[in-house]
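In order, the protein sequence lines correspond to chains H and P. Here our numbering is used: the first residue of the first sequence is 1, the next is one more, and so on. Here our numbering is used: the first residue of the second sequence is 1, the next is one more, and so on.
Accuracy of the hints is not assured; some may be wrong.
[Said to hold, decoys possible] With a straight-line cut-off of 20 Å between C-alpha atoms, the simulated EDC-like cross-links for lysine to aspartate or glutamate are: (1) P:Lys326 - P:Glu316; (2) P:Lys40 - H:Glu767; (3) H:Lys46 - P:Glu771.
[Unchecked claim] Which chain H residues stay away from chain P? Per the calculated CB distances, all over 12 Å, these: (4) Ala74; (5) Gly125; (6) Cys751.
Since the hints were made in silico from the structure, they are not lab data. We treat Cβ as the ideally placed atom computed from N, Cα and C, and that holds for glycine.
Residues per chain are reported as follows:
There are 2 protein chains.
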Amino acid sequence: MANVDPKRIDALDAYFRACNYLSVGQIYLRSNPLLKEPLKPEHIKKRLLGHWGTSPGLNFIYAHLNRLIQDTKAKMIYLTGPGHGGPALRANVYLEGCMTETYPDLTQDLSGIEKLMKDFSHPGGVPSHVSPPTPGSIHEGGELGYSLVHAYGAILDNPELIAVCVVGDGEAETGPLATSWQSNKFINPKRDGAVLPILHLNGYKISGPTVFGRMPDTKIEQFFKGCGYQPRFIEGDDPKSLHPVLWKTLDWAYAEIRKKQSEPFDGNPVEWPMIVMRTPKGWTGPKEVDGKKIEGTFRSHQVPLSDVIEKKDHLEILENWMKSYKPQELFDAAGKPNSNILSIVPPKELRMGSTPHANGGLLLKELTIPDTADYEVKVPSPGSVIAEATRVLGKLVRDIMKENKDNFRVFCPDETNSNRFNHVFEVTGRTYLGEIFDSDDDLSHEGRVMEVLSEHLCQGWLEGYLLTGRHGIFPCYEAFALIVDSMLNQHGKWLKACQELPWRKPIASLNYLLTSHAWRQDHNGYSHQGPGFIESVMQKKCSIARIYLPPDANCLLEVGKHCLKSKNYINLIISGKQPMPQWLNMKQAKEHCTKGASIWDWASNDNGHPDIIMAAAGDIPTLETLAAISILRKKFPDLKIRMVNVVDLFTLMPHSRHPHGFDEETFASLFGTETPVIFAFHGHPRVIHELTYKRSYPHRFHVRGYIEEGTTTTPFDMVVCNEMSRFHLAVEALHHLPQMKSVAGDFITECTQKLDDHKVYIYEHGEDIPEVRNWKWEA
Amino acid sequence: MANVDPKRIDALDAYFRACNYLSVGQIYLRSNPLLKEPLKPEHIKKRLLGHWGTSPGLNFIYAHLNRLIQDTKAKMIYLTGPGHGGPALRANVYLEGCMTETYPDLTQDLSGIEKLMKDFSHPGGVPSHVSPPTPGSIHEGGELGYSLVHAYGAILDNPELIAVCVVGDGEAETGPLATSWQSNKFINPKRDGAVLPILHLNGYKISGPTVFGRMPDTKIEQFFKGCGYQPRFIEGDDPKSLHPVLWKTLDWAYAEIRKKQSEPFDGNPVEWPMIVMRTPKGWTGPKEVDGKKIEGTFRSHQVPLSDVIEKKDHLEILENWMKSYKPQELFDAAGKPNSNILSIVPPKELRMGSTPHANGGLLLKELTIPDTADYEVKVPSPGSVIAEATRVLGKLVRDIMKENKDNFRVFCPDETNSNRFNHVFEVTGRTYLGEIFDSDDDLSHEGRVMEVLSEHLCQGWLEGYLLTGRHGIFPCYEAFALIVDSMLNQHGKWLKACQELPWRKPIASLNYLLTSHAWRQDHNGYSHQGPGFIESVMQKKCSIARIYLPPDANCLLEVGKHCLKSKNYINLIISGKQPMPQWLNMKQAKEHCTKGASIWDWASNDNGHPDIIMAAAGDIPTLETLAAISILRKKFPDLKIRMVNVVDLFTLMPHSRHPHGFDEETFASLFGTETPVIFAFHGHPRVIHELTYKRSYPHRFHVRGYIEEGTTTTPFDMVVCNEMSRFHLAVEALHHLPQMKSVAGDFITECTQKLDDHKVYIYEHGEDIPEVRNWKWEA
């Protein structure tokens with residue numbers, strides 16, 4: 001590091017002014033980018049849609065980080081928390097040269113500047129916040145709250161990296177951000193990189209003041225010390241006097257980080273540095289317009305002067321504002337940034353705009369995954385063996401963690417054991433910093449199982465980890481996955497946007513393993529039951545979304561391996577954790593999962609001509625369907641029943657709509673074209689109707705699934721309450737077989753009686769009727 | 001208040017022991033409730049499913065609050081944050097007598113105790129966390145993170161109420177809880193009640209330690225001082241010595257609350273008291289079993305001894321444990337709690353188990369809502385007038401706020417102005433405590449517009465406000481409503497469960513106004529576009545879910561009024577905020593909204609015999625559909641087109657599945673039975689397919705909607721990218737009219753050319769083509 005040097009301060013200020021100039025230009029101009037002509041209405045964009053408020057602060061920090069990188073050769077990544085910081089980040093990566101390298105038409109000359117400005121927040125262009133098209137970014141500034149958790153995810157197992165995360169004071173009010181501060185308790189200074197949080201207080205959101213912005217420094221200091229940071233404050237509105245302060249503050253923070261990383265690690269959480277920076281909203285912009293204060297108020301949030309086309313005096317204010325940055329000193333006649341500015345840019349390989357950590361696919365190493373055959377649950381005949389599917393997958397994941405030490409983590413809201421993933425603790429521990437007591441289990445300062453009671457943190461850490469080129473899995477209670485519905489949504493949008501940018505290399509898929517699912521939350525009750533995440537994933541683009549419902553442990557192994565190897569998807573795997581009959585051996589499971597859905601011949605007696613098709617997707621639906629088939633076949637041996645099991649939900653969709661969708665012929669080979677289908681489904685029945693409405697005679701699909709019924713009860717009563725029990729399925733089947741009409745009545749009476757008896761029995765005995773508990777598949 | 005009195009301490013301890021005894025009994029026993037016989041396996045439940053860990057701490061606090069209520073006559077409500085605190089709360093409200101008053105068979109005698117125990121976490125019984133069946137509760141302990149925000153919502157405009165909120169240290173790790181601490185900045189001590197947060201640190205979650213549990217007191221103190229509280233600590237594992245400490249600490253906290261409420265209010269945020277209580281997890285339970293530490297560790301989270309049926313020594317430990325509470329001293333021979341215990345119960349009307357604030361419907365006052373006619377947008381002819389729908393509704397809401405001063409709030413993530421609800425600021429302000437600067441807008445210490453950049457806080461405050469018997473509305477950017485998907489889910493579950501409990505009186509509906517919607521997030525881009533909340537609401541039970549898509553301002557007024565008057569629903573209203581043509585006058589709007597969907601005769605020329613039906617749900621779909629109709633009718637005057645507009649989405653569902661669903665006849669009167677329908681929809685097309693798949697020939701519904709395309713562009717390009725533009729709709733219509741085959745080709749070429757030209761034009765000019773910008777409806 002170097003002492004504060006007036007010449008470099010001068011260059012820093014020029015760089016800062018250039019960024020601010022380019023930021024304003026992006027918001028307003030479609031031509032005349034360097035104001036070589038007097039500014040006229042025709043130079044102005046028709047719709048003024050960008051955001052100015054946060055940009056100057058972001059520029060100020062970026063400039064100084066460049067200086068720090070020059071002096072330290074540190075590998076850094078910049079996460080932009082404040083919303084609508086697009087103009088700033090685009091300006092910086094443009095001056096660095098990264099923009100031109102990524103988009104050859106955004107040259108460092110007049111035509112490049114003009115296009116840089118015009119494309120911003122413009123049809124055919126880019127959004128006003130940081131987004132996938134921005135080089136150097138792994139974090140979209142659209143939905144707020146996730147910058148800090150992404151930063152922490154990025155530095156896990158990434159000891160070289162410093163993630164500088166600018167947190168906006170608006171964003172700081174969100175729940176996910178508020179709990180992200182606690183991530184420091186999970187960072188091992190010897191193994192992970194470091195996050196340098198910079199809380200940027202400009203005081204206002206869209207129109208109101210911010211909570212942190214109006215807290216006195218004493219309170220903010222207490223808050224962050226309480227969170228376990230060393231906070232330092234910088235405040236001001238005069239760039240000249242603030243330059244040396246930020247210079248020194250960053251030097252201090254950097255030195256602290258290196259100190260923490262190099263001194264002996266005592267196992268306790270580290271007090272990392274952080275910075276609180278107060279500068280005015282819309283800093284260096286117009287002070288006042290039409291008698292109203294602009295700089296330092298919410299009025300500079302978006303476009304501080306919005307009538308520049310209509311109002312001559314406003315146009316003049318804009319021109320003076322832009323000229324206040326002295327563009328003629330910053331760019332030469334051809335539009336190239338001058339050498340003073342370029343002197344601030346770090347060496348090519350260290351520029352934040354081109355860090356490979358922000359294009360994680362560049363760094364992605366393939367996972368080493370053992371052969372699933374080694375974990376096979378031996379199934380001599382269907383239903384003859386009981387196993388807990390997630391416990392079996394846990395063994396595979398254990399060995400993946402052993403083979404891919406610095407490259408794979410499990411993220412889970414304190415449910416690793418509860419979700420029966422406990423085998424992973426044979427090779428690693430729960431990530432924990434602090435004293436470990438005798439009464440603790442599986443805690444480790446070096447553990448790679450990230451447990452915290454926050455689905456937001458699990459999801460956000462995992463996203464940051466994946467986006468920087470690593471792999472992971474998120475086992476979660478099914479119902480509570482909905483907590484991160486919106487994060488799933490935004491990550492899906494990120495992936496979709498990246499698909500359209502060839503320079504963004506594929507990253508590992510985001511893998512959810514939803515267990516402790518609706519059908520076996522009979523003990524925890526209604527609040528813990530909810531298969532709605534299926535619909536959340538279904539809303540994603542078909543190029544990204546994958547949903548799997550493996551019916552048993554061997555299928556879960558196959559699906560799990562497939563998902564962990566895949567790239568750029570959101571994979572939703574749903575599997576129960578409870579002891580369940582196993583149906584397929586490994587060979588059968590591989591075949592079945594490769595097809596995505598197939599006829600289970602051993603459960604069928606239709607010889608290609610079924611009277612009825614009984615289909616299932618999900619482990620409990622499979623169980624009930626097989627039980628229904630056994631009831632029907634025992635009672636009505638002449639009835640021709642076909643059993644179809646669906647693992648890959650999107651096979652049901654037409655091939656034209658999803659790459660996994662079956663073509664008409666394949667679909668018909670399973671489901672026929674006119675035969676009634678009784679479909680037992682893990683989720684809401686609507687999902688199957690939506691997937692099949694384009695198929696031949698969609699009315700013939702009679703779907704049973706979770707209809708938001710059932711609370712604290714028994715496992716079997718859950719399927720009874722939701723009308724998906726074996727008896728319901730059998731009755732429904734008969735109902736659609738006119739030839740059975742004469743016998744159906746008695747059978748229905750019998751089934752109804754059984755269901756009534758069951759209610760009495762379970763309340764009396766607290767467990768399911770023996771007929772159900774002891775049921776075993778027999779063809 | 002009274003000094004610590006050894007006799008009352010003795011009674012408190014007896015009460016505490018009784019609660020603990022009943023808590024353990026609920027987890028284990030199905031008979032022999034007072035251990036009059038030696039404990040045998042047949043007395044034990046078959047499945048042991050409850051949770052012990054948090055219960056004793058909850059009992060300890062509840063007992064002492066009873067004492068405080070006796071001494072102060074304060075009106076209090078108890079919110080149970082920790083998960084699975086069911087046994088504790090059920091024990092307390094049972095001892096208070098509230099349980100028997102609510103459920104006459106849960107008598108204070110042997111048979112009542114037995115049933116109390118047996119019903120817990122048992123088929124046909126109640127969940128292991130606090131849930132709607134628990135008297136005195138407004139907060140479900142299922143999904144964690146919302147206790148504190150509910151507590152704050154409950155006390156808004158509720159000056160008499162003190163909400164005591166026990167926050168678990170697991171729950172404290174969640175994002176929503178982490179930001180809930182900041183709610184203190186929105187509480188006006190002269191107008192609102194008070195929250196007394198008690199952070200209960202028992203150190204463990206399911207299996208790992210907690211973040212707060214392992215933080216040293218110094219850090220915790222800094223954290224809460226930083227958040228603006230006065231924290232006090234109590235810690236121990238000996239009830240006897242802890243009783244006087246909690247007594248005095250609660251006296252201190254109560255005195256501080258009353259002091260803050262009575263001293264002059266200077267406008268600044270108040271430093272309310274809070275308590276941090278460290279007691280062991282599974283306190284007073286078995287210390288050690290099979291050589292493993294139980295009390296004070298994660299092993300007492302759920303059922304500390306799970307093999308009591310199988311293992312004789314475990315059964316013995318259980319018996320000794322239960323007897324350690326000395327049940328024979330606590331209950332008389334008939335099972336009635338003794339007078340010592342009952343001496344701790346507050347006066348009948350002050351018991352927390354029977355506070356009307358926990359059954360808000362009892363306190364609900366009907367809203368006074370002005371006649372919507374007073375706000376009518378005059379529409380001389382369809383499309384002749386431009387208005388911003390949400391701004392018009394804002395006027396109605398302004399006057400509702402004027403008429404219902406203490407009874408209605410707006411909750412919004414800093415978007416009240418952005419969502420054009422600005423008229424409300426004519427009668428109230430943004431709730432704000434602290435110094436107000438000249439540059440601030442519409443801030444007020446007395447304001448009732450709750451703005452914070454956290455959808456979680458908005459939703460949670462509103463839920464707390466509604467559950468305690470008041471009214472409100474939550475205007476939100478459409479895409480970011482998904483942030484609270486899981487909270488919606490849990491509130492929907494709460495409402496559904498309450499419908500089955502006649503003693504729970506109806507509360508005001510939860511009203512969402514989603515605006516700044518997908519189709520007009522052309523400037524903010526892809527991250528801001530997402531109509532998925534429709535699907536979230538559709539997952540709810542039909543008895544609860546309502547979805548409205550008013551096509552213009554007058555319809556929005558009607559829908560808004562209807563929703564604000566309704567009870568026990570989740571109402572989703574989606575309406576744009578941008579200037580849009582208006583279609584219906586007030587009379588027409590009333591008729592149209594009352595029907596839920598109707599034929600717009602002025603846009604139709606079918607005389608009851610349409611060749612094609614053009615349907616729309618949503619404001620932008622309505623605009624594009626009318627434009628498509630005008631194109632088609634101009635080009636092909638002989639074509640018979642019917643226009644159907646759908647406001648109430650659930651009218652499309654069969655009546656058997658939703659109370660608003662049209663019967664077959666009504667449905668056919670709009671949509672025919674065989675005529676092709678081109679349906680333009682606000683959300684994902686799948687939604688319409690799912691709603692209509694049971695209708696006659698569902699294949700004839702050709703739906704266009706949001707298909708996850710479009711980013712920063714123009715409004716019209718959004719519909720182009722998503723293939724829902726007027727040209728797409730017109731082409732699709734022709735495509736399904738075989739008689740038009742000969743002319744369709746030329747028309748398609750023309751439309752394709754227009755769409756190509758449009759792309760060139762918008763990139764060049766930054767705005768939509770004049771043909772679209774200047775389009776006006778003409779029949």
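Hints, verified against the model:
A threshold of 20 Å between alpha carbons decides the hint, and for Lys326 of chain P with Glu316 of chain P the separation of about 15 Å falls inside it, so the pair holds. Simply put, Lys40 of chain P and Glu767 of chain H have alpha-carbon atoms about 19 Å apart, close enough for the 20 Å limit, and the pair holds. Taken as a hint, the Lys46 of chain H and Glu771 of chain P pair is honoured in the structure, with Cα atoms around 17 Å apart against an allowance of 20 Å. Consistency note on Ala74 of chain H: stated as away from chain P, and its beta-carbon is indeed over 12 Å from all of that chain's, at 29 Å minimum.
With a least beta-carbon separation of about 6 Å from chain P, Gly125 of chain H fails to lie farther than 12 Å from that chain, contradicting its non-interface assignment. Every CB of chain P lies more than 12 Å from the CB of Cys751 of chain H, the least distance being 20 Å, so the non-interface label holds.
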